[in-house]
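**Q** So the chains spell out like this:
2 protein chains.
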Amino acid sequence: MSRQFLAEGLELSGGDRGLVAVVAVVALAALAVGYVLLREVLAAGQGTSKMQDIAKAVQEGAAAYLNRQFRTLGIFVVIVFVLLFALPAEDIGERIGRSLFFLVGAGFSAVIGYLGMWLSTRANVRVAAAAKESGGREKAMRIAFRTGGVVGMFTVGLGLFGAALVVFVYVGQAPRVLEGFGFGAALLAMFMRVGGGIFTKAADVGADLVGKVEQGIPEDDPRNAATIADNVGDNVGDCAGMAADLFESYAVTLVASLILGTAAFGAKGLLFPLIVPAIGVLTAVIGVYITSARTGENGLTAINRSFYISAVISAVLCTVAAFLFLPSSFAGLAGVSEEIAGTPGNPALIAAVAVIIGIVLAGVILWLTGYFTGTEHKPVKEVGRTSLTGAATVILSGISVGFESAVYTALVIGGAVYGAFLLSGSVVVSLFAVALAGCGLLTTVGVIVAMDTFGPVSDNAQGIAEMSGDVDGEGAQILTELDAVGNTTKAITKGIAIATAVLAATALFGSYKDAIEQALRDVQVGLGEVPVSFTNVVFSPNVLVGVIIGAAVVFMFSGLAVNAVTRAAGAIVFEVRRQFRENPGIMDGTVKPEYGRVVDICTKDSLRELATPGLLAVLAPIAVGFGLGVGPLAGYLAGAIATGTLMAVFLANSGGAWDNAKKLVEDGNHGGKGSDAHAATVIGDTVGDPFKDTAGPAINPLIKVMNLVSVLIAPAIVGFSVGAGESAGIRYAIAIVAVVVIVAAVVVSKRRGTAIADTPAEATTSA
Amino acid sequence: MSRQFLAEGLELSGGDRGLVAVVAVVALAALAVGYVLLREVLAAGQGTSKMQDIAKAVQEGAAAYLNRQFRTLGIFVVIVFVLLFALPAEDIGERIGRSLFFLVGAGFSAVIGYLGMWLSTRANVRVAAAAKESGGREKAMRIAFRTGGVVGMFTVGLGLFGAALVVFVYVGQAPRVLEGFGFGAALLAMFMRVGGGIFTKAADVGADLVGKVEQGIPEDDPRNAATIADNVGDNVGDCAGMAADLFESYAVTLVASLILGTAAFGAKGLLFPLIVPAIGVLTAVIGVYITSARTGENGLTAINRSFYISAVISAVLCTVAAFLFLPSSFAGLAGVSEEIAGTPGNPALIAAVAVIIGIVLAGVILWLTGYFTGTEHKPVKEVGRTSLTGAATVILSGISVGFESAVYTALVIGGAVYGAFLLSGSVVVSLFAVALAGCGLLTTVGVIVAMDTFGPVSDNAQGIAEMSGDVDGEGAQILTELDAVGNTTKAITKGIAIATAVLAATALFGSYKDAIEQALRDVQVGLGEVPVSFTNVVFSPNVLVGVIIGAAVVFMFSGLAVNAVTRAAGAIVFEVRRQFRENPGIMDGTVKPEYGRVVDICTKDSLRELATPGLLAVLAPIAVGFGLGVGPLAGYLAGAIATGTLMAVFLANSGGAWDNAKKLVEDGNHGGKGSDAHAATVIGDTVGDPFKDTAGPAINPLIKVMNLVSVLIAPAIVGFSVGAGESAGIRYAIAIVAVVVIVAAVVVSKRRGTAIADTPAEATTSA
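Quick mapping for you: the protein sequence lines, in order, are chains A and B. In the numbering used here, each residue's number is its place in the first sequence (first place is 1) plus 2. In the numbering used here, each residue's number is its place in the second sequence (first place is 1) plus 2.
Worth double-checking, as some hints may not be accurate.
With a straight-line Cα cutoff of 20 Å, these simulated SDA-like cross-link-like pairs (lysine to any residue) come out [as the list claims (entries may be wrong)]:
1. 214(A) <-> 224(A)
2. 665(A) <-> 677(A)
3. 752(B) <-> 66(A)
4. 380(B) <-> 66(A)
5. 752(B) <-> 55(A)
6. 380(A) <-> 749(B)
7. 214(B) <-> 678(A)
8. 752(A) <-> 373(B)
9. 383(A) <-> 751(B)
10. 141(B) <-> 291(B)
11. 380(B) <-> 748(A)
12. 214(A) <-> 681(B)
13. 606(B) <-> 59(B)
14. 752(B) <-> 617(B)
15. 752(A) <-> 410(B)
16. 752(A) <-> 322(B)
17. 675(B) <-> 478(B)
18. 752(B) <-> 373(A)
19. 606(A) <-> 66(A)
20. 52(B) <-> 223(B)
21. 383(B) <-> 749(A)
22. 675(B) <-> 221(B)
23. 380(A) <-> 750(B)
24. 383(B) <-> 674(B)
25. 752(B) <-> 377(A)
26. 383(B) <-> 751(A)
27. 141(A) <-> 66(A)
28. 665(B) <-> 379(B)
29. 380(A) <-> 483(B)
30. 383(A) <-> 749(B)
31. 594(A) <-> 55(A)
32. 380(A) <-> 748(B)
33. 752(A) <-> 379(B)
34. 752(A) <-> 380(B)
No lab work stands behind these hints, which were simulated from the structure alone. In this text the structure is predicted, and so the values were computed from the model without any measurement.
Please take these sequences and the hints and turn them into a complete structure.
**A** Listed below in structure tokens is the structure:
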């Protein structure tokens, strides 16, 4: 028997297959455009040999980290591959496809991440070099943004190609195979996000604590042994991690739409979600190519303009596509159930409006995030002004900004979900509308990735310029300006990423319900006999307990991530102090510090630290599902999505606001650099570092990993809970193993202790 | 027709009525014991005339604030009274009773709050005086703890008396009348919590920013114009606010048990939830009288011992009562439905285990909170040690401690709910078991209130001692020690309060569902015709949107509370600076500052600031319920409970950890007072102030207010949504009005601006 959202009998017509092939070709074209942009970036000048040396150290450090990370994760991926293979499936083809495309999803995620890192470690020096030339501002910005464009093109190209391939090969079985694809992408992205996030902020915080705070030397001073690690961190965290994360957002949203599509729109439902992002490829190309700052114009204005132009083009083209491709009544859809065929409403109109909701949502989040984290708006200005009354008020006002912006962002996202949901009276169609809103958001992802990668590349360029001392005057000024723009684009990307997470998770939520109902039918339990907890879930206390646990896991995950950063930063503080102490020549500038050792420590610590949050994400839904049942697991997902959304935005935006409040003071407000006000904002910025770059953005893949794990295990939970295969023993054994592993992981990471806290008192005063 | 959880036909036998009367007498006895303790406290010596002058200023300020607050809230209470009267009811008697007992609940909450404030402003000076005498430590501790005992006795006495009275008069209709009683108690407590919380922390933060940070004068220095306001704040926030809050926890938990009791246990179900807290009265008396520190023993050890002893006595007596009073099978219960009568299981055993779960939960939370916020355990020690690397690491480690302890506390509370839920296969009985676990927790409330009031009384005593300069040497040492003990007992109380909130809210959740089903029957919609959104709620996206909004409201409420504190603190900084500037004699100690003006500003600002969070709490469920429907409102409650639990514990415990980390440093660790490490922990403590004393504890009544509003409006929502009275116009009009009022309130409070941020730069440097 088939799941409601599957349609094994579904056949694509020749024309439809042709259309899928066209989408695949568009995806490959995106890769080709990416390659063209890549050549252009690499063709730019690389600056002085000193700059190239520094860039080389960063390249080597970043590559070494990612290679080691992939080796570590490889083991994990193999284990999950085997477990996934063991889970119930319709037939062997689906079983193999699901596991195979899990590997493909993970592989694509890794490739995008690696590419993001590889290219940005090469683009940074070129941006720095360009800033020195005449017309440097436009040139530097062009290289930085096109670097992002490469990553954006590969993100959408690989995501769309993978999805189109699965649809082409598996047709009716595609949804379940896509679950594997999405899961692979999300799982790897989560690990890269967490690991990279820990690396980058441990290096950053550690470097700042010893350099800026203890020794009073500037950021990126070459005497600080942690500077190379700091730059490596920008690339493995902000570039590799974020690229993988956005790829995963892209893939999972697409997967969710395709899962829901056939049930709602029949064969057309499997195709329309591919057409929308294919249009997105086109508009992304336009967006990347039209981005250039007019004379005297702020970089952010130029980037925003491209975004809005490409969003409007997307909206128009998607609307046209909807009305061309979809019929005006549900009865006109081939391959849908009788119930759906009788649904009133116009599928073309519903699809068009849903996609537009998603695009508008992206625009609103862009605006909201810009408002709350941009230096020219009231919130950051207020945080900046509170620096006059000290660090405590800076922290409090930043937290208020974070809370407030999280509320508005969550309400806007919730409004979009609700708006899409209202488009139809049928729950199945409503869910698909939510997924289509996600696809609408996706059309902007190409430009979003470009915007995001822009940030760390500019940051790195500034670092290289400062360390080499070879870029000064106007060139340095240009890089500082680009760096500030990058802070805001990074915050915007995080807002968009969490919005896709909520839309995709909501859609997956529907698919979770479907998986349960199908499993119940499979084990021969008539729906009339379904236990109360399976149908009437919100109101029973055990489901509420699920909601509480879901919210708790988000807090736990955030706490673990923040803790990992402070712990790893402590180890770096230790090492840099040791180098200063044992080799006084470093401070005089006569001896080069051992940059490599700090990179090594960061690498080792991040990989060790990512295990606990990673295991928590995968095992917590298993523990709840097998231990408490499918009702509480549904509650768990709802709790995790809701709390996760708010927490992610809170962490990202309070961090962004602190960072830019510091920039405000550094620009000469409230006493400028070196004042007490500046010291207060530096404290705010340091607190914000693990908020905005480690814990916050990792919540986005976390939500999707937990949702996909739940969808995948749902049939197994039902199988062990009711019917012939019922076995409380196995069910609880699985739950207990999951709990034991989580507890063991937490205990191990606790026993590592807080390295900072273990720093003996004398070490602080010696140098 | 009657609701499932009501039983109008229910009659109490003569014996049962007698039992209710006995409970009422026990409640009155508690009040009598409270009065005896009150006489004892007031009989103690009042110290020097200088000390009495200061105490008098605090008494007057606190009384002036509360009087003004009650006048303001009076208007609000009248409006709600009228609205409540307009809501659907079974008959006119229930309608009148519900509104009338709403006033009684609000009145009792106000009385308890006022009493807490009145007595603690008189006890503080007596504790300070006692510390000077020989054997001062025991005497001071005895007075402080017995002051708490008075408030504890009045809390349990009035709560139990009110509930017994309603049961005695209304019998079968008691549950709905009790909804009014609980709502009145919760609403007033929430306002007192928020208003008092803003007052106390605005004064505290403002005083610290100008005094400790800018002028470098000690805390509680009489030259600081904000010191009296700071002391007033301790009394109106920590004493009046917390006392009202705990009374409300007591009343609402009792209400939830009584609502669920008749459905599960028939007439016995209306009586047993009264017997358990009556036993609690007895054990509270024991707990208060046996508390005395042995020579050389830490005060906390003595208090914990009393707690555990009284908890064990409660557990034993409640078990005995369960087996004496309840039959061993459901068939033996009079007045239950046939379905319940056929339920397998032993009601006596279920009741006993449920009550014990609640008592054990209280013990575990006591231990957990003590572990995470006590100076002698690892977490606070680690936070203290991170002060060596500066304020940023102090903030980060405190946040980690907060996140972590929130997770464990939430899991423990969730575990207790789940454990109680598993006690029976029948959902109705399970819900009652959850409520009974809440009653078990209640048996400890007497001692808990005593523990809590102990904190601010000791804090104030220390303040008076320092300001008067009349207590020194060993006396001062004793008061410092008591103050530190008070920090931990305050954190423990908050943990217990949030646990009662979750248990009560879970039970009320069940009653919400019942209210909907009954309303559906009333409007003649067969359950078969009930729209999907009414029964199958967790899985549809609109319910998920409800969960997101519920979580968002908790963030919004927290943000508003924190913001209100920083805003009001800014106004105080301004005023104190003005006094220093315009009157140089203040700094020389030749002129007394105008303490009254600062108290006035605090009073005015807190009352203005409490409107927005208060309106949000009442109107948000109305907006969601009428705007989106009962399914999303259920999701909303689940989201608010889950996120609220975690947020409340996070805010309370990170604040507690920072406060005690500062104490650790002040005790001579890591450089001691005046060191950089000390400055770092002072920043942590200031950030923690509004966390732990304003936003965090207010979430507890918030959750219950929102749940009770939902239960009360559920029939009206259903009435406007389906059946003969259906009117989308009215429904949406109500929702729109609610949204408009919330938005207007937020806009108004935003336009007030952040006073701190508006401080002109020159004002910081002048003095």
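**Q** Between residue 665(B) and residue 379(B), is the straight-line Cα distance small enough, at 20 Å or below?
**A** holds, 13 Å
**Q** Compare the distance between the alpha carbons of residue 606(B) and residue 59(B) with 20 Å, and conclude whether the hinted pair is satisfied.
**A** At roughly 18 Å apart (the allowed maximum being 20 Å), residue 59(B) and residue 606(B) satisfy the hint.
**Q** Is the straight-line distance between the alpha-carbon of residue 675(B) and that of residue 221(B) 20 Å or less?
**A** holds, 12 Å
**Q** Against the 20 Å threshold, does the CA-CA distance of residue 380(A) and residue 748(B) hold or violate the hint?
**A** Between residue 380(A) and residue 748(B) the Cα gap is close to 16 Å, so the pair holds against 20 Å.
**Q** Would the hint linking residue 752(B) and residue 66(A) be met if the CA-CA limit is 20 Å?
**A** Roughly 50 Å separates the two Cα atoms, so the pair is violated.
**Q** With a cut-off of 20 Å on the C-alpha distance, tell me whether residue 752(B) and residue 55(A) pass.
**A** Violated. Residue 752(B) to residue 55(A) sits at ~51 Å, over the 20 Å cutoff.
**Q** Measure nothing beyond the straight line between the CA atoms of residue 752(B) and residue 377(A); if it is 20 Å or shorter, mark the hint as holding.
**A** holds, 19 Å
**Q** Straight-line Cα separation of residue 383(A) and residue 749(B) no greater than 20 Å?
**A** holds, 18 Å
**Q** Please verify whether residue 52(B) and residue 223(B) have alpha carbons no more than 20 Å apart.
**A** holds, 14 Å
**Q** Given the proposed pairing of residue 752(A) with residue 410(B), does the C-alpha separation stay at or below 20 Å?
**A** holds, 14 Å
**Q** Please work out if residue 380(B) and residue 66(A) have their alpha carbons no farther apart than 20 Å.
**A** Status violated; Cα separation ~36 Å.
**Q** Are residue 675(B) and residue 478(B) close enough, with their CA atoms no more than 20 Å apart?
**A** Cα-Cα ~17 Å, so holds.
When each numbered hint is compared with the structure, violations occur for hints 3, 4, 5, 16, 27, 29.
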